[in-house]
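> Sequence:
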Amino acid sequence: MKKIEGFLIKLAIIHFAFLILSQWILTHDTWKRNVNKSIYYEGVIKGKNPGTMETIDR
Numbered sequence: 448m449k450k451i452e453g454f455l456i457k458l459a460i461i462h463f464a465f466l467i468l469s470q471w472i473l474t475h476d477t478w479k480r481n482v483n484k485s486i487y488y489e490g491v492i493k494g495k496n497p498g499t500m501e502t503i504d505r
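Here the numbering used here is used: the first residue of the sequence shown is 448, the next is one more, and so on.
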């Protein structure tokens with residue numbers, strides 16, 4: 448049981464280190480455009496507001 452607990456603690460520490468590293472990378476603008484593709488899909492960079500579409504006629 449001690450082996451499993453030790454393994455899980457090491458795994459949690461490694462996971463935390465990767466979390467901190469990824470957050471640090473995403474805070475820098477030079478890395479943000481290369482790594483985070485969701486800003487392209489959400490339209491943040493484009494700066495256009497799409498027109499409002501009415502779906503239900505009342």
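It should be emphasised that the hints constitute simulated quantities derived from the structure, not laboratory data. Any given hint might turn out to be false.
Stated by the list, open to error - Pairwise CB distance ranges (calculated):
(1) Ser-469 / Met-448: 46 to 56 Å
(2) Gly-453 / Thr-474: 28 to 38 Å
(3) Trp-471 / Ile-451: 22 to 32 Å
(4) Leu-455 / Ile-503: 48 to 58 Å
(5) Lys-450 / Leu-473: 46 to 56 Å
(6) Leu-458 / Ile-503: 48 to 58 Å
This one's a predicted model, so the numbers in the text were calculated from it and none came from an experiment. By construction, the Cβ of each residue, glycine as well, lies at the ideal position given by its N, Cα and C atoms.
> Indicate, hint by hint, whether the structure satisfies it.
Against the structure, the hints:
The hinted range of 46 to 56 Å is not satisfied by Ser-469 and Met-448, whose Cβ atoms lie roughly 32 Å apart. In this structure the hint that Gly-453 and Thr-474 lie 28 to 38 Å apart at CB holds, the actual value being about 32 Å. The hint said 22 to 32 Å for the Cβ distance between Trp-471 and Ile-451, and at roughly 31 Å that hint holds. At roughly 52 Å, the beta-carbon separation of Leu-455 and Ile-503 lies within the given 48 to 58 Å, and the hint holds.
The hinted range of 46 to 56 Å is not satisfied by Lys-450 and Leu-473, whose Cβ atoms lie roughly 35 Å apart. Against the hinted window of 48 to 58 Å, the Cβ-Cβ separation of Leu-458 and Ile-503 comes to about 50 Å, which satisfies the hint.
Violated hints for the displayed structure, listed by number in ascending order: 1, 5.
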